[in-house]
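Position chain C against the provided structure of chain Z, taking the given hints into account.
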Amino acid sequence: MRAGDGVAFGLLALAVGIPGWSQSLDAAFPKQIEAGSAFSVELPGSGEGTLYLVGPGQVLRRTVRLGETTEFPAGSLYNAGHYVAFLLGQASPTTEFDVIATKNPAEMSFLANPSRLPVSQRDGISGAVYIFDSYRNLIASQIPVQFQLVTPTGTNQMRSTEARYGVASVEFDSTSEQGADKFIASAGNVSSTRVIRQVSGDPCGIKMSAAQVGKNVQLSTEPLKDCSGNAVPDGTVVTFTQTYGGCESTVDVPMKRGIAEVQMPSHPGATITVASGVVLGNQIRWEK
Amino acid sequence: MTKGRVLAACLLVVTAALIVVGTLWPVPTAVAYAGGESIVPSARTPEAAANNLGNAIKAQDWQRAYLSLENKAQFTEQDFVHDLTGTYPSLQANATLNTFEVFPLHSDANSALVRMKLHWTTVVGTEVSTRDVHMMRDGDHWAPEWPLVKEATVPPQVIPVNYLRWDVIYRGPEDDWGAQDVAAPHVRIIDMHPVQRADGVVLLGEILNEDVVPAYVSVSATLLSKNQTPIATEGSFDKIAHQLLPKQVTPFLILFPNASLSDVASVRMTPFSTLVPASADPVIEVDNEKLNPAPDASLTGELINQSGRVVSVAHVLGTFYNATGQVLWVADQYVPRALLPGIPAQFIIHIPEDLARKVSSQRTVVASYTYGGVL
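In order, the protein sequence lines correspond to chains Z and C.
FYI, the working numbering numbers position 155 of the first sequence as 155, with every residue one higher than the one before it.
In the working numbering, each residue carries its 1-based index in the second sequence increased by 288.
FYI, nobody ran anything at the bench for these hints, they're computed from the structure.
Accuracy of the hints is not assured; some may be wrong.
Quick list of simulated restraints, FRET-style, between CB atoms [said to hold, decoys possible]: (1) C:361 x Z:265: 31 to 41 Å; (2) C:450 x Z:162: 47 to 57 Å; (3) Z:216 x C:461: 23 to 33 Å; (4) C:424 x Z:256: 25 to 35 Å; (5) C:355 x Z:258: 41 to 51 Å; (6) C:456 x Z:204: 21 to 31 Å; (7) Z:214 x C:448: 15 to 25 Å; (8) C:562 x Z:40: 51 to 61 Å; (9) C:453 x Z:204: 38 to 48 Å; (10) C:521 x Z:165: 56 to 66 Å; (11) Z:165 x C:456: 54 to 64 Å; (12) Z:204 x C:348: 53 to 63 Å; (13) Z:81 x C:517: 38 to 48 Å; (14) Z:265 x C:330: 42 to 52 Å.
Quick caveat: nothing in here was measured; it's all calculated off a predicted structure.
Where a beta carbon is used, it is the ideal one built from N, C-alpha and C, also for glycine.
Isolated chain Z, as found in the complex (with noise of 0.2 Å):
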């Protein structure tokens, strides 16, 4: 709560407290008026009385001339909420309004979620976007919103709904192909977009090979991809294990370009298999 909040409800506990204050000013007030529209208002009476206007956040404080118009400008309220009007200084009406948000969006608060995920995920993005004007009220009226799912290569998924409330959302499913996809939202003349990415799953089908190189045997794999087809990305790590008369090596290697490889002592006999996480590879009998 602002200071100007304790402000206005210490102003409107005393306008309720004063007796005689049960008057309506209903009919010089309009039910609601759209945020940051000027709007002019005639109060019955005679002479002079202090105004206010309380709301949440706001509070507006004018001096009229009652049994006169009095005009407030553009933008005088433009906190959405539901106001209290009273006159001080006589014994005059009160009433209450609404300030509702406009029905342009100008702003909005996107929400996507995962930043990252595997490909062909159900349901794996999701969307919720929060529309405002633009005095930053939330547009509680029904408003369409459009999102969209572009991913590198051109594809595009869309689904259209309705903020309610002004929140809208969506999920979408993540496609096969890995890359950055673009995440749009759009209501009215704004939009945002937000990039998933989205990458490759588990690898698929490991196969390595070996070779002799002077001492060593060197294991190197062929180009890991996913079941989709994705190239593995490099840092992923495979683990190459040679097992050999009740002995083990074993090495944890990360992925450089697109194929782990690693040199390792030669031992005659031994049985080489590789794995990356909880993917099992081929598997060799090494005889040299």
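Relative to chain Z, chain C alone:
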């Protein structure tokens, strides 16, 4: 007035007497400080010579230790110091000798063999090293012949390395609350089960980084009683490799001291992961791993640093499985010496005797740290 003079005279006489006594019969320490004989007791036995050497090493009085050696002409004092502390930054370089034990192995009139068991205090705990030291008689005293182990050196060379490195840029403080941030890595516990040991309940398991980015991981767990109230919460601390590259698996062990498995109805696991800047290097090969049966069951092997940079600390974690592939035990060892490129370094991980017979296979992972930050 008279009493004061008498007291002053008494003090003068007593002081003079003490000076005379101290000069004629000085304590050994005073003699040593005055440049006289050493305060070290005379090495009239091989054990005494070993004790003197151990005390000098403990006091990090390298010069005294070196000068006490019989074979000091064969190497320099610097060689001797490097043998004890290492040449490169490592656990051993910052270790201090806490205690030592001397075990006579053999003795005759002019030579003896003693085993010195050195208990070093390092930043990760106690490290024990053993040296068998020959003692040679020289007149009425004994002097040790230090079995110098020269640290291997890497010949000058240029090792080309294709660095693979990840950096992370997080959402900035000025960004809107709805602005996108980078997600934490996805990690998954692929095995976990509790076992009862003499010192409490132990949770054993493995965790996999199933993401495509490096992860800093840790695991904590809460034991819950039958009415679902927490009994205790503990973390894996250093019984885990904290940095996991994509698709890398680490074992973890969480000890709940003094807890009883019969009181536990369920376990709440809390894996934690966060993005960290990381490098894919160094690659460390684990060679000649061998499961040695009881008694003194252990896993032995050698680490070979395949990168071109010296690794200051290597932490070896062994996961031991039974015949059905279930994790039986997790144990670890820090290698006290720096890992030089291409130079094998031995490790030994002890396995509890009661479990050793059930161990069917094992898997070893190595976490490494380089003083001066990541690559």
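A quick look at each hint next to the structure:
Distance hint check for residue 361 (chain C) and residue 265 (chain Z): the Cβ-Cβ separation is about 38 Å, which falls inside the suggested range of 31 to 41 Å. Evaluation of the 47 to 57 Å hint for residue 450 (chain C) and residue 162 (chain Z) yields a pass: the beta carbon distance comes to about 52 Å. Between residue 216 (chain Z) and residue 461 (chain C) the Cβ separation comes to about 51 Å, which falls outside the hinted range of 23 to 33 Å. Against the hinted window of 25 to 35 Å, the Cβ-Cβ separation of residue 424 (chain C) and residue 256 (chain Z) comes to about 55 Å, which falls outside the hint.
Restraint check, residue 355 (chain C) to residue 258 (chain Z): a C-beta distance of roughly 59 Å breaks the suggested window 41 to 51 Å. For residue 456 (chain C) paired with residue 204 (chain Z), a C-beta distance near 28 Å keeps the hint of 21 to 31 Å intact. Take residue 214 (chain Z) and residue 448 (chain C): their Cβ atoms lie about 18 Å apart, and the range 15 to 25 Å holds. In this structure, residue 562 (chain C) and residue 40 (chain Z) meet the distance hint of 51 to 61 Å, their C-beta atoms being roughly 57 Å apart.
Here the CB-CB span from residue 453 (chain C) to residue 204 (chain Z) is close to 26 Å, at odds with the stated 38 to 48 Å. A beta carbon spacing of about 40 Å between residue 521 (chain C) and residue 165 (chain Z) contradicts the range 56 to 66 Å that was offered as a hint. A C-beta distance of roughly 36 Å is found between residue 165 (chain Z) and residue 456 (chain C), which places it outside the suggested range of 54 to 64 Å. Residue 204 (chain Z) and residue 348 (chain C) have their C-beta atoms about 57 Å apart, which keeps the hinted 53 to 63 Å range intact.
Range check, residue 81 (chain Z) to residue 517 (chain C): Cβ separation about 45 Å, and the 38 to 48 Å hint holds. Evaluation of the 42 to 52 Å hint for residue 265 (chain Z) and residue 330 (chain C) yields a pass: the beta carbon distance comes to about 51 Å.
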